[in-house]
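**Q** Given next are the chains, with one letter for each unit.
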Amino acid sequence: MLHSEIVIIGAGPAGLCAAISAAKQGATVALLERDEFLGGQLVKQTHMFFGSKKQYASVRGIDIAPLLEKEIKGLPNISVFLNSTVLGYYEDGVLLFEQNGKAKKIKPARMIVATGAAEKVLPFPNNDLPGVYGAGAVQTLMNVHGVKPAKRVLMVGAGNIGLIVSYQLLQAGVEVAGVIEAAPYIGGYLVHAAKIRRSGVPILTSHTIKAALGDRAVEGAIIQQLDEKWQPITGTERTLEVDAICLAVGLTPLVEILWQAGCQMKYVPQLGGHVPIRNQFNETSVPGIFVAGDASGVEEASSAMLEGALAGMEASASLGYRSEDFDLIKQDILAQLESLRSGPTGEKIRTGLAQLV
Amino acid sequence: MIGCKASASLPPLPELNKGGIVMRISEHPILNFAKGRKVKFVFNGKEMEGYEGEPIAAALHAAGVREFKESPHHHRPRGFYCAIGNCSSCLMKVNGEPNVRVCVEKLEEGMIVETQKGKGEISAAQ
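Read top to bottom, the protein sequences are chains A and B. Just so you know, my numbering puts 160 at position 160 of the first sequence, and the rest follows in order with no gaps. Just so you know, my numbering puts 16 at position 16 of the second sequence, and the rest follows in order with no gaps.
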């Protein structure tokens, strides 16, 4: 049995920042990551981040991960467990995880769940054919492994992920037949939309996918226009010859471990699905269990990093670790989160959080 | 609707590896891909090449293979979906072991990779 004051599950942006902030306060931290590297989904994000300088604005996600990793390595009270998949949380407060084929147990005094999110799917005929891929998966395949997912892609969803991955497909030398979006407007930032439109890729709002075509793999897609009530308009069907259909239809929080731990959960569509009820410092209804990043509601990496830092501070404070400047740092994090979530783009998140916190 | 016409008629898709289409990205404005050494592996009895340490799924994709498994009930083809070891769409038989998530399993020299049919049997030896 291993012991650690704070165990953090997931070493993406939220988990890394949680580990750094908790360790800086003085707590001992065990960071469990199922992949063999730190950084989570930052490792495939070649675009520059928005926000302010403190949140790594204008830095590419792929360059943020090494910066955080360096900080982690400089803190001797953090133990990193790579290739470690958490399998379950038991009534006696023991976490079971698998590392390189071996089952291991760890008992934390506090736990921060930063497990992230998974891509949603969309129901349509033939959506199980090879060639129907998650947009994030395509990003991994081309940006991490240098392999093109297909020759010509239809992107479904014009939120930030759909727009950014479309642009990255073009950068990788893949044709994008078009981006379709069921809503009558583009959900993502218009700066991304403008980039791909300038490259000649059409963005069709009020359009959906009717079916994927193909026998053993995707050979095409039928798209269709929607009316103002989101109903398909007969006669507007068009067939596109594509060999992949990318789904960028949102993410859903990975919260299995929180369900298992008995945290009170709530379905909040604005946050992507079931999320834990929590206080404004990210502690769930089970004392000592915190949540941060997409697992607490799908948002973005900048806010995930801040939530992680906040949860890390709170968890260490509850163990008696409190630096002199604790309140100053905490107020600064809260102010940054508020600023990130301000304005019209933050409305959805604010509405979602209002149902939880 | 902006650009509606542009997608109305697309040229036919070029054939893989014949019309100059190569699935490996050779030039990228931002990224360089550090690859391991080239290794040989076997897919359904056929010898293939990939790079050591990359996910098996990436090597198969680069070779134009997209069908990884057959669904247990309706026998439909399934492939890559999430790339993070989460969705179980890409389970294959690797070196005789079923249910290997090839989107995260690393390619090694001489691996025997097979399309998985059904739920996969675990032999007594394992």
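Possibly wrong hints are sitting among the right ones.
Label-pair distances were calculated between CB atoms; the ranges are [what the hints assert, rightly or not]:
{"hint": "1", "chain 1": "A", "residue 1": "103", "chain 2": "B", "residue 2": "46", "range": "32 to 42 Å"}
{"hint": "2", "chain 1": "A", "residue 1": "200", "chain 2": "B", "residue 2": "122", "range": "44 to 54 Å"}
{"hint": "3", "chain 1": "B", "residue 1": "99", "chain 2": "A", "residue 2": "327", "range": "18 to 28 Å"}
{"hint": "4", "chain 1": "B", "residue 1": "38", "chain 2": "A", "residue 2": "256", "range": "53 to 63 Å"}
FYI, nobody ran anything at the bench for these hints, they're computed from the structure. Values in this document were obtained by computation on a predicted structure and should not be read as measured data. We treat Cβ as the ideally placed atom computed from N, Cα and C, and that holds for glycine.
**Q** 53 to 63 Å was suggested as the range; check whether the CB atoms of residue 38 (chain B) and residue 256 (chain A) agree with it.
**A** 39 Å, violated
**Q** Could you say whether the range 32 to 42 Å given as a hint is met by the Cβ separation of residue 103 (chain A) and residue 46 (chain B)?
**A** 37 Å, holds
**Q** A range of 44 to 54 Å was offered for this pair. Does it hold for the Cβ distance of residue 200 (chain A) and residue 122 (chain B)?
**A** 51 Å, holds
**Q** Can you let me know if the beta-carbon spacing of residue 99 (chain B) and residue 327 (chain A) is within 18 to 28 Å?
**A** 50 Å, violated
Comparing the model with each earlier hint shows violations of hints 3 and 4; every other hint is respected.
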